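Student: Residues per chain are reported as follows:
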Amino acid sequence: MAEGKKKLTRRKFLLGTGAVVGGGLVLGYAALPNQMKDIAAKHKGEGQILSGWIKITPDNKITVIVPHAEMGQGTHTALPMMAAEELDADWDLVSMEEAPGLPEFANQPLGEGFIVGDSMPDILAPLINKAFYSIAQAMDLQITGGSTSVRFTGQYGMRIAGAAAREMLVRAAAKEWGVARSDLTTGKSFVHHKASGRSASYGSLAEAASAFDPNPTPTLKPKAAHTIVGTRTIKRFDIPGKVNGTAKYGIDAEVDGMLYASIARVPVHGGAITSLDDAAALAMPGVKKVCNLGYAYAVVADKYWRAKKALEAVDIKFEAGGNELIDSDAIFARFNKDLGELELEYDIDEGDVEAAEGKLIEADYSVPYLAHACMEPMNATAWMRDGKLDVWTGTQAPLMARAAAAKAAGLEPENVTIHNHMLGGGFGRRIHAENDYVAPAVEIAKMVGEPVKTIWTREEDMRFDEYRPAVVSRFAAKLGDDGKPTAWKNRFSDKREPVEAPLIPYGVENQSIGFVRSQSHIKLGPWRSVDHSQHAFFTESFVDELAHEAGADPLAYRLSMLADKPRHANVLKTAAEKGGWYAGVKDGRAMGVAVHESFGSIVAHAAEVSIGSDGMPKVHKVTCAVDCGEAINPDNIESQIESAIIYGMTGAFFGEITVDGGQVVEGNFPEYEMVRLADVPEIEVFIIESGEKMGGIGEPGLPPTAPAITNAVFALTGQRVRQLPLKNYDFTASA
Amino acid sequence: MPYTLKVNGETRTVDVEPDTPLLWVLRDELGFKGVKFGCGVAACGACTVHMDGAATRTCVYPVEAAEDIEITTIEGLSDEGMFTDVQQAWIDEQVPQCGYCQSGMVMAVSALLDENPAPTDEDINDAISNVCRCGSYPRIKKAIKKVISERGAA
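Protein sequences, first through last, are from chains A and B.
Per this note's numbering, the very first residue in the first sequence carries number 386; after that it's consecutive.
Per this note's numbering, the very first residue in the second sequence carries number 5; after that it's consecutive.
Simulated from the structure, these hints should not be mistaken for lab results.
Treat each hint with caution, since some may be false.
[As the list claims (entries may be wrong)] No farther apart than 16 angstroms at their CA atoms in a straight line, the calculated lysine to aspartate or glutamate pairs in the EDC-like style are these:
1) B:K146 x A:D938
2) A:K958 x A:D938
3) A:K688 x B:D19
4) B:K149 x A:D938
5) B:K145 x A:D1064
6) A:K773 x A:E835
Being a predicted model, the structure only gives us computed values, none of them experimental.
Please take these sequences and the hints and turn them into a complete structure.
Tutor: In structure tokens form, the structure reads like this:
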């Protein structure tokens, strides 16, 4: 298909557009040399900052500053690995620090303010690459999301920073010893001159090295020379603290004299409080204040449990503008109605799907809203005093949190400090485009005038999430005489990010993929893999239907349409073959496959499934092949794929947020069930290093999970699963 | 109301309402932040501690019923800077991701293996119903097997 004919719509910069961050880093870096020299001159003796993200101290220790949050995806280790590799560092002497939520880290590898304990001096401002600085400021980037950390910050920032720093250290040694740079080698944080037997540690050379301009286009190591990247010997920095209880999450923040708040939103989404009776609550022990936020109310007390109990004694009346009449059936009815009536926008519209000839196959799919259900319920601690605001929380986007906190407090962002913590789960929930936890916590703290930690109950967290959208997706395809589709028509009820999520890799001549924008009063947000999570289920199920209609083997059918997509074909073949597609599975079991590209990586799963005596599918094994271009931390890639499969399984089996009376029904784990240890299949991951551009890894394992399972269910039972979750089905007849 | 608790080998007195869940007493009154709040209804296990050696979910356990019981939190499982074999297996197998559930996981698994040194897969599945939203379960299984095998060899 001609690229020029694609009508991809770009509506919002949010997830999946991390290239802007990447672009900013590259150019920001290119603009750096003068600044760095200036900064280095100003801060002699405090440990030298070489090329922005790397700090080398005289004791030969190296600290890598990571401008991303750790939420279990391993970025706090993978990025230092990339810098240390190019730097030829001794890994045992490398540590990391998370960059603070400052604009300097939004687009520039420029951490001087953080490292020397001061904000960026005004005098340096004109030196900044203005264009990208402005973009980053305006967009409040510094996001951890879109599976971007390694492939953008790492690839375009850390690697270059590491290599440039190594060059500067070599130059310093060459100058000091009066020898040619080409006669010097590096290894394990030392520069060596073989001919004279001289060696010097990076730490001893750092100050002299900082006098040189970093080379914005240093030579990177060939893959064969890697000793850190791509190995399985590196252990994640954050793990020891997570096995002995010392890791600090937002909910663990402690501020002297801190009070606690328990918060409840108006139960009907979009509702507003019309009256509030706090008399009973105020009479309860320890209660300091009852806050009316309009859209929510909170009780502040000296102890959390007192606040929570008193919250139950607050009586509110509210008005919800008719939202109280909306339920799940009405929402889906509206999606279907709008799909037939609203004006279509197109992701792709080429050829003529209506005129194409062939046997017409139609199917309608849908998925429900899904909650993120991070293990750590939303929380934030805020303290506003003397025109300044401090916020302690866990966020995927410190600058967005800062902007939201500033707005809620009525302060300028520079008067707000975000103290970011480990995230007890992110998955897109803590990007908070609408900022629904930092802002309320700030409003409460502002009303109280003392430090207040606001903790959401699990029920509040689940009932007022920013959900994975519920979507209806309709397909019509036409099959030619050879059984292959001559036309692929897809219409769906709403679109967010990334734009390419509904596109198929298969060569189909006539394609029309269009959508309307139908939403309800339920708030939406990015959920692990964002739109890919629903579209991979839709498209990889429907192509499976076409294979069945064509009487073809589902794997061979897909492969026959992937002539122009060798990477897709390769992962699909690998997953299927390694999973036993050709060898065959045990009696009573069947295998389903699915392949999907997202965030620059291509992932295929082969799921081996049976039907249990309870009538529910049982997944025995998922075999995965992932082509992410290059593997930085292979063990962590496997870990992320395992994670994405299990996250995807929870969605496929149990995930369903329903609405009744305008309220979200499910509030806690018994109702919104999770995959647990007993449900977990054997998972085998095959990493394919195609050498193509590096892809993300935190999300791409998720999208093909549901369709691989439901395609296996079809193979077993003859029942096509067109609506998730599986818990609503009964396959007892096939058990 | 004052209550006297035995936590990690020390006797501590707290003054809270009798129905206060032990979770909040351990976290906010006594500072054991490794004990995590996850669901508040004993459905996820993030708040698991040992009470007289048994894995117990503290988010629904009233403090008034916790006196005269030896309570061990994740902080009391090993000496500072040291790791138990279970914790070490968690590091070796690189189990945690976000890590929020892992205090509870480590406590639940430690109690299981102390009680049953050679649990079957079924025993493990039945005993470990804690939720890990990151899906670290495959590695949890591997780490448990590692401890079982090492203890068996010792």
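Student: Now tell me if each hint is right for this structure.
Tutor: Structure-based check of each hint:
no.	hint	verdict
1	B:K146 x A:D938	violated, 35 angstroms
2	A:K958 x A:D938	holds, 13 angstroms
3	A:K688 x B:D19	holds, 11 angstroms
4	B:K149 x A:D938	violated, 39 angstroms
5	B:K145 x A:D1064	holds, 12 angstroms
6	A:K773 x A:E835	holds, 12 angstroms
Comparing the model with each earlier hint shows violations of hints 1 and 4; every other hint is respected.
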